Amino acid sequence: MNRNISPTEQIFPADLLSKGHEELRDIPDDKLVTAYESMRDNEFAADHTYPNLRRLYGTSLEREKDRREIRQWAENCDAEMQEWYEKARNEPCTWWLQNHLVAKHALKSCIACGVCTSQCPAAQYYPEYNPRTIVDAVLSKSEDRLVELLKSDVLWYCGQCGSCKPLCPLENNLMGLISSLRFLAQLKGYHLHSVRGRQQYAMRHLCGGNLWNRACTLYFRNITAEGHPDFGPRYAKYQSEAEGQMVRLGANPDRPGHFGGRKFSPQTLAEFRSCLASGGTLVLWNQLEEYASEDARKSGVSIDEYHDRVHREG
Amino acid sequence: MATSMIAPETIKEIPENDFFLTPSCILGAVNPGAEVLIGRIYDLLGLRWKAAGDRAESQCTCCTGFSSHGDLISIESTLLVTARLWSVAAEIGVENITTACVTSFAIHNECMEMYQHEPGLHERVDRWLQRACGRRLQIPKHVVHASDIMYRNREALAEKLRYRLVDHNTGRPLRIVDHVGCHYAKVFPEKSIGGSESCDVLAGLIRAWGGETVDYPERRHCCGMGFRQCAIRPNRGYSMACVLKKLESMEPWKPDAILTNCPGCNLILDKEQWAILQMTGVEYNIPTLSYTELAGLLLGWDPYEVVGIQGHTVPIEPLLDKLGIPYDKSKEWLTKENLEVT
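Protein chains in written order, with the numbering used here: chain B, 1 to 314; chain G, 1 to 342.
Chain B extracted, bound-state conformation (with noise of 0.2 Å):
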């Protein structure tokens, strides 16, 4: 790998994974993406795994890869779907109820028959949730209401579990509304008005940062015992063996394979991503970034810090 960069330029990636945001700060864009993935790709040949997977996932080096990275495919990008986000940004929120694809399907009317929230676990536990009163802002057309509803954490409650999708006697999709509203409340950065909105940034590197760079939501080595105190001590316990584990039992941890924990080729990762471009997702990975660092520096805050943060916060 490295093969443009002359010796005197050459990054040695190693170098860069215990360095935060600002100390990446002076690396030109290229470099550090060739960097990162020339560690990615770098098979250990005696028994064909990727070695360096598990340093690179969750550090301060891959998030920054991904915002220089993102930002320059999306600006690359003339898809249909990257335009139509980003006109959408800009609309009113009755608009986007007329004109995105799951909601100007997903509620039709409303009785008010109260099923949704009797069947509802969200409700069952948050006091202050009720999935009728997200029908009647929508409903309302209100753009005053929608605002107040896009800027508040009860948007956030809802679990997608679809428990009252089945019920509905008008066959509603709330938990398809649900989805696409806090899609417009981040895409507006109306999500950064509530705690749990802000966490979406945390969800964008976790699950984004998983997708973008392993192809998966979930990665293996994601699920810790330091970050899961509520799995037990059994857990800890299969974690620290999780990658032996997993071998032994026909899975395929940072390696080629077909099962849990799969690396793939870059020209598989090369068409999942032009897939997620062409679809308008970076629309929305960029406005969170932007949004982010806005945030952090009126914090006076590290976007590193405020990363953290948003993960622990609510």
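Hint data in this document are derived by calculation from the structure and do not stem from the laboratory. Nothing here was measured: the structure is a model prediction, and the numbers come from that model. Wrong hints could be hidden among the right ones.
Here are some chain G residues pointing at chain B (derived, C-beta under 7 Å) [to be verified]: (1) 36; (2) 62; (3) 66; (4) 71; (5) 77; (6) 182; (7) 186; (8) 189; (9) 238; (10) 241; (11) 275; (12) 335.
Just so it is clear, CB atoms sit at the ideal spot from N, CA and C, and this is done for glycine as well.
Dock chain G against chain B, hints included.
Frame of chain B, contents of chain G only:
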């Protein structure tokens, strides 16, 4: 409940053979044995299946489901990613998608439905897909969950079992609570076996394999995985509350195990029992396992080497004791330090 007792509108066509298996992000990460077992059981049944061509490297990526319900992915990106997966399946000549994950099951079905309801969408996605990665949109013939295939073959599997779901000392049928994943039965109830209220996909397995199913008030309540709810630490109280609600509701029936077909449920219903013990002091300790893990154990496959029960927080060994399945506890861990965990 015999299949004939299921509401006619909820009986769906389950293909007989030739499957493209899409793995699950959660199952592969947390209960890897449960996922690998899908292929092992397909092989045992003599079914033809592929995970993605003959290449050593998989082309079968995430469907985006977790991130889609985590509100990070545009619906058009999800349509493109699933269309790409369908294209990979078509390329290798397989037109039946079987998902290891129930959210993938719902995502694939949601995409299928959108093409029927949104005029011009098929042409647009086909055009975008060609431009994105040079592939063409080809709608698969069937999208089913791997548990559907087990259901279809439950009697054939029953004939191959070395153990049955009965207490080997007393002959008592074991009481098994089924917990069907919400995204299997609730998002598109007409595409599940039995619908959302009387889903039979797991209950049918339990009966066929000699056990007794348990109905209880919160049988259909969500496990609380909730995507962003379990992924972000301050939100996990929601997951714990959902699990507690279910455990309190099922406890009077003294279930011997909880059976799942959803990777997220298999994770949350098992792992959060430890948190609930810390919070309430109540030790439910109800073994929780997936339909493939249960099948693997009843088939007599090694609990640690093949099934992977060591990945569970609530020990499965008490269930093995009831079933009369032998196990060698020394094979549980790969490393020998810190073995005093319970």
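Here is what the structure says about each hint:
1. 36: holds, 4 Å
2. 62: This interface hint holds because 5 Å falls under the 7 Å limit.
3. 66: holds, 4 Å
4. 71: holds, 4 Å
5. 77: Holds, because the Cβ-Cβ distance from residue 77 of chain G to chain B comes to roughly 3 Å (cut-off 7 Å).
6. 182: holds, 4 Å
7. 186: Result: holds, 4 Å to nearest chain B Cβ.
8. 189: Holds, because the Cβ-Cβ distance from residue 189 of chain G to chain B comes to roughly 4 Å (cut-off 7 Å).
9. 238: OK, holds: residue 238 of chain G within 7 Å of chain B, min 5 Å.
10. 241: Hint holds; residue 241 of chain G Cβ to chain B Cβ min 5 Å, cut 7 Å.
11. 275: For residue 275 of chain G, the interface hint holds, since the closest Cβ of chain B sits about 4 Å away, which is under 7 Å.
12. 335: Check passed: Cβ of residue 335 of chain G comes within 5 Å of chain B, closer than 7 Å.
This entry satisfies every hint, going by the numbered hints stated previously.
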